[in-house]
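Undergrad: Chains as they are written, first to last, in the UniProt record's numbering: chain A, 1 to 437; chain B, 1 to 216.
To be clear, the hints were calculated from the coordinates, so they are not data collected in a lab. Don't take each hint at face value.
The list that follows gives simulated cross-link-like pairs (lysine-lysine, BS3-like), each with its CA atoms no further than 30 angstroms apart [to be verified]:
{"#": "1", "chain 1": "A", "residue 1": "K113", "chain 2": "B", "residue 2": "K170"}
{"#": "2", "chain 1": "B", "residue 1": "K142", "chain 2": "B", "residue 2": "K58"}
{"#": "3", "chain 1": "A", "residue 1": "K393", "chain 2": "B", "residue 2": "K147"}
One side only, chain B facing chain A, incomplete, derived with CB under 7 angstroms [said to hold, decoys possible]:
{"#": "4", "residue": "G21"}
{"#": "5", "residue": "K41"}
{"#": "6", "residue": "S42"}
{"#": "7", "residue": "I44"}
{"#": "8", "residue": "G45"}
{"#": "9", "residue": "E47"}
{"#": "10", "residue": "N52"}
{"#": "11", "residue": "G57"}
{"#": "12", "residue": "A68"}
{"#": "13", "residue": "Q70"}
{"#": "14", "residue": "R72"}
{"#": "15", "residue": "I76"}
{"#": "16", "residue": "A79"}
{"#": "17", "residue": "Y81"}
Given the structure is predicted, the values throughout are model-derived calculations rather than measurements. Yeah, the Cβ is synthetic: ideal placement off N, Cα and C, and Gly gets one too.
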Amino acid sequence: MRNERTAPFSVALESENIDLREISRLANFGVPDGLRLRPIYWKLMLGYLPTDRKLWESTLKDMRDLYDTYVHQFFIKVRKSTEDVCVDPLSDEPINDKGPSDSAWAEYQKNAKLLIEIDKDVRRTHPMVQFFRCDPEYLAKFGVTQKDIGSYQSNVGDKSPAIKFSSLTNNSEKGTIFNPPERNRARLNGLLTDFDRLANGTFGGILDKPQVSQHHAALVRMLMLFARLNTAIQYVQGLNELVSMIYYVFYTECEPEERQYAEADAFWCFVNLMSAVGDIYTVGLDGDVIGIRGHMSRLMKGIEARYPACHKHLSSLGIPADFFAIRWFTLLLAGEFELPDAVRVWDTVLGGRVNGPDGVMDRLQAVCVTMIGFVEDDLLQCGYSETITMLQKYPVVDVNHLLGFAVPKEVTAANNVVSNSEGPASPGGVEGAYRGF
Amino acid sequence: MAESEEYYDYLFKLVLIGDSGVGKSNLLSRFTRNEFLYESKSTIGVEFATRNLKMEGKTVKAQIWDTAGQERYRAITSAYYRGAVGALLVFDITKRATYDNVDRWLKELREHADPDIAIMLVGNKTDQPHLRGVSTAEAQQKAREAKLSYFETSALSGDNVEASFTELVKEIYSIASRAQIDVAGSSWVPTQFRPDHAESVPLGGPAKPASNGGCC
Ligand SMILES: Nc1nc2c(ncn2[C@@H]2O[C@H](COP(=O)(O)OP(=O)(O)O)[C@@H](O)[C@H]2O)c(=O)[nH]1
Ligand SMILES: [Mg+2]
Numbered sequence: 001m002r003n004e005r006t007a008p009f010s011v012a013l014e015s016e017n018i019d020l021r022e023i024s025r026l027a028n029f030g031v032p033d034g035l036r037l038r039p040i041y042w043k044l045m046l047g048y049l050p051t052d053r054k055l056w057e058s059t060l061k062d063m064r065d066l067y068d069t070y071v072h073q074f075f076i077k078v079r080k081s082t083e084d085v086c087v088d089p090l091s092d093e094p095i096n097d098k099g100p101s102d103s104a105w106a107e108y109q110k111n112a113k114l115l116i117e118i119d120k121d122v123r124r125t126h127p128m129v130q131f132f133r134c135d136p137e138y139l140a141k142f143g144v145t146q147k148d149i150g151s152y153q154s155n156v157g158d159k160s161p162a163i164k165f166s167s168l169t170n171n172s173e174k175g176t177i178f179n180p181p182e183r184n185r186a187r188l189n190g191l192l193t194d195f196d197r198l199a200n201g202t203f204g205g206i207l208d209k210p211q212v213s214q215h216h217a218a219l220v221r222m223l224m225l226f227a228r229l230n231t232a233i234q235y236v237q238g239l240n241e242l243v244s245m246i247y248y249v250f251y252t253e254c255e256p257e258e259r260q261y262a263e264a265d266a267f268w269c270f271v272n273l274m275s276a277v278g279d280i281y282t283v284g285l286d287g288d289v290i291g292i293r294g295h296m297s298r299l300m301k302g303i304e305a306r307y308p309a310c311h312k313h314l315s316s317l318g319i320p321a322d323f324f325a326i327r328w329f330t331l332l333l334a335g336e337f338e339l340p341d342a343v344r345v346w347d348t349v350l351g352g353r354v355n356g357p358d359g360v361m362d363r364l365q366a367v368c369v370t371m372i373g374f375v376e377d378d379l380l381q382c383g384y385s386e387t388i389t390m391l392q393k394y395p396v397v398d399v400n401h402l403l404g405f406a407v408p409k410e411v412t413a414a415n416n417v418v419s420n421s422e423g424p425a426s427p428g429g430v431e432g433a434y435r436g437f
Numbered sequence: 001m002a003e004s005e006e007y008y009d010y011l012f013k014l015v016l017i018g019d020s021g022v023g024k025s026n027l028l029s030r031f032t033r034n035e036f037l038y039e040s041k042s043t044i045g046v047e048f049a050t051r052n053l054k055m056e057g058k059t060v061k062a063q064i065w066d067t068a069g070q071e072r073y074r075a076i077t078s079a080y081y082r083g084a085v086g087a088l089l090v091f092d093i094t095k096r097a098t099y100d101n102v103d104r105w106l107k108e109l110r111e112h113a114d115p116d117i118a119i120m121l122v123g124n125k126t127d128q129p130h131l132r133g134v135s136t137a138e139a140q141q142k143a144r145e146a147k148l149s150y151f152e153t154s155a156l157s158g159d160n161v162e163a164s165f166t167e168l169v170k171e172i173y174s175i176a177s178r179a180q181i182d183v184a185g186s187s188w189v190p191t192q193f194r195p196d197h198a199e200s201v202p203l204g205g206p207a208k209p210a211s212n213g214g215c216c
């Protein structure tokens, strides 16, 4: 049974010149687990690996080198600007918007703010997934002992993977201490060290909180770099979830000796993913059909066409897509399912890439519409709060089954023949049915 | 199970606003489920939870909306202010910048919310007194000037969480029950006579028709 499914996939990936449509079609049954094929499939779908296998080695080498260069240059530069601020007598100024408009100071503030903002979200990325949780071996490098971890966790309940640094917090328990200059000096020095460590790969976390694992440092680096390279989007909450999905899959599913490259590969794939879906993150496009609002109205129209009873239910209750679909789109559904299921959903969604530049968003639309129909019977029984709750905390479902409805194999097969993405609407299928909205 | 069977006299829609990371989601989970997650996921878009409270023998259903604090999401979540009768404007007492932003949030409310919305300023994370960056007196002063009530809470320890939400609901309840008497039921129809989905009625005005789906 297993071989029936895995063999064609492996074979398709081994051919000299890979047929993207064919592997996308095969992936619609799910990329076989346990064979380390998924990272390759995602890299192909995200346009990182060329279809010509002969070019893989050189492509990977170039891109990985380039990433290292970028990281190094970027963080050295950031470090330099931080240093300039530190020798500046103004360094005692509190970190806020009212500082002098000196360019080093401005640059420093920008970087510091960004780092703090990103770090805060990376810290709460997949907090329940072991991979992203506290790694005692890693923390030991920064002088954090198992005992620190234990005592901190018992303080805040066992859910916490974070550690409190006693050095910065034990100076007074007496109550109101209000000493901004001192705190900000410590903060500046701390950031200087952080940027150093980010540059040389030993980043341990910001301020009074160390990173909890090497993976956190990798995520922070990727997001910092992306934010500075992509000035239109910079950092938006949710990007942490996207980049961590890619990084997680690359790191955990590659050959062990490839793990060192998971970060560089994930970064470039993330960049490519953002070129496919970045419009929904772009504030300037909110009112446009390709922006997030456009996608939410397209979703409602898709629901109306496909599941009119559900559409009627939602509109009679006064529940717009805003109440549940912002996160669906922003996280490409990564937030609606447990991690392994979300990965499975992405196999299908990323496969949409073969249908053209909008293919990924089209697939996402198809899956979102199907998610509504998939719970139709329950949904129609629900009142206002229950309906919202159900869609904000989507029930655990069989994702393979769900995806089979969203993008049935006939449609993908048909797309194979009809090179135009407009495949014939198949009986059970959603994808392709709503072009023109 | 069916919601319509659940009895309540009043339905109040409340919103939680404030910068990202100040503890809005944890205040909500502490209040509605008595849960605290040290590393909770950042909120994307809007989230929602409800809890019933008793006021003078009446059941008040508090329908509380939580939103992402990040600038990017404000533009696309303004629909969620519609029909809100109360707002908890939260800042983090250990992060001055989140307090400095309170004025921007008030402006946001003025632009998008009902003018009569009851607002409570909440300084969260009092379990970290050694990191305090905003004094109680200072925040109280600001609240007084803006005519808001002020509470300090800790979602982590649970301190004052119940009290702050309850106080806000009480404030709204007293206005609501007065309004009901004043206008002889024309604006405040007890909710059991309204369809389940009706949004709570903005103070001082008749019920707005429920928005149609489709949004945008
Ligand atoms: N020490 C402390 N930490 C808190 C408290 N409330 C929230 N946090 C932490 O602050 C971070 C952000 O909390 P969250 O509720 O997600 O904030 P939101 O972005 O405003 O929704 C999380 O790491 C929480 O664990 C509190 O009362 N005390
Ligand atoms: Mg939140």
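Undergrad: Are the hints correct? Go through all of them and say.
TA: Hints, verified against the model:
Only pairs whose Cα atoms come within 30 angstroms are accepted, and A/K113 paired with B/K170 is rejected, the gap being roughly 38 angstroms. For the suggested pair B/K142 and B/K58, the alpha carbons sit about 33 angstroms apart, so the restraint of at most 30 angstroms is broken. With a C-alpha separation of about 37 angstroms, the suggested pairing of A/K393 with B/K147 is violated against the 30 angstroms cut-off. At about 5 angstroms, the closest approach between the beta carbon of B/G21 and any beta carbon in chain A falls short of 7 angstroms, and the interface hint on this residue holds.
Evaluation of the B/K41 hint against chain A yields a held restraint, the C-beta minimum of about 6 angstroms falling below 7 angstroms. Because the smallest distance between the Cβ of B/S42 and any Cβ of chain A comes to about 5 angstroms, under 7 angstroms, the interface hint for this residue holds. A distance limit of 7 angstroms between C-beta atoms decides the matter here; for B/I44 the minimum to chain A is near 4 angstroms, and the interface restraint holds. Interface hint status for B/G45: upheld, as the beta-carbon distance to the closest one in chain A is roughly 3 angstroms, under 7 angstroms.
Taking 7 angstroms as the C-beta cut-off, the interface hint given for B/E47 holds, the closest approach to chain A being about 6 angstroms. A least Cβ separation of about 11 angstroms between B/N52 and chain A goes past the 7 angstroms threshold, and the interface hint is therefore violated. The closest approach between the C-beta of B/G57 and any C-beta of chain A is roughly 23 angstroms, which is over the 7 angstroms cut-off, so the hint fails. With 7 angstroms as the threshold, the beta carbon of B/A68 comes within range of chain A, its nearest partner Cβ sitting at about 6 angstroms, so the hint holds.
This hint holds: B/Q70 has a C-beta 5 angstroms from the nearest C-beta of chain A, less than the 7 angstroms allowed. About 5 angstroms separates the beta-carbon of B/R72 from the nearest beta-carbon of chain A, less than 7 angstroms, and the hint is met. Look at B/I76: its Cβ gets to within about 6 angstroms of chain A, closer than 7 angstroms, so that hint holds up. Taken as an interface hint, B/A79 checks out: its beta carbon lies about 5 angstroms from the nearest beta carbon of chain A, inside 7 angstroms.
The beta carbon of B/Y81 comes no nearer than 11 angstroms to any beta carbon in chain A, farther than 7 angstroms, and the hint placing it at the interface is violated.
Checked against the numbered hints above, the structure violates hints 1, 2, 3, 10, 11 and 17; every other hint is satisfied.
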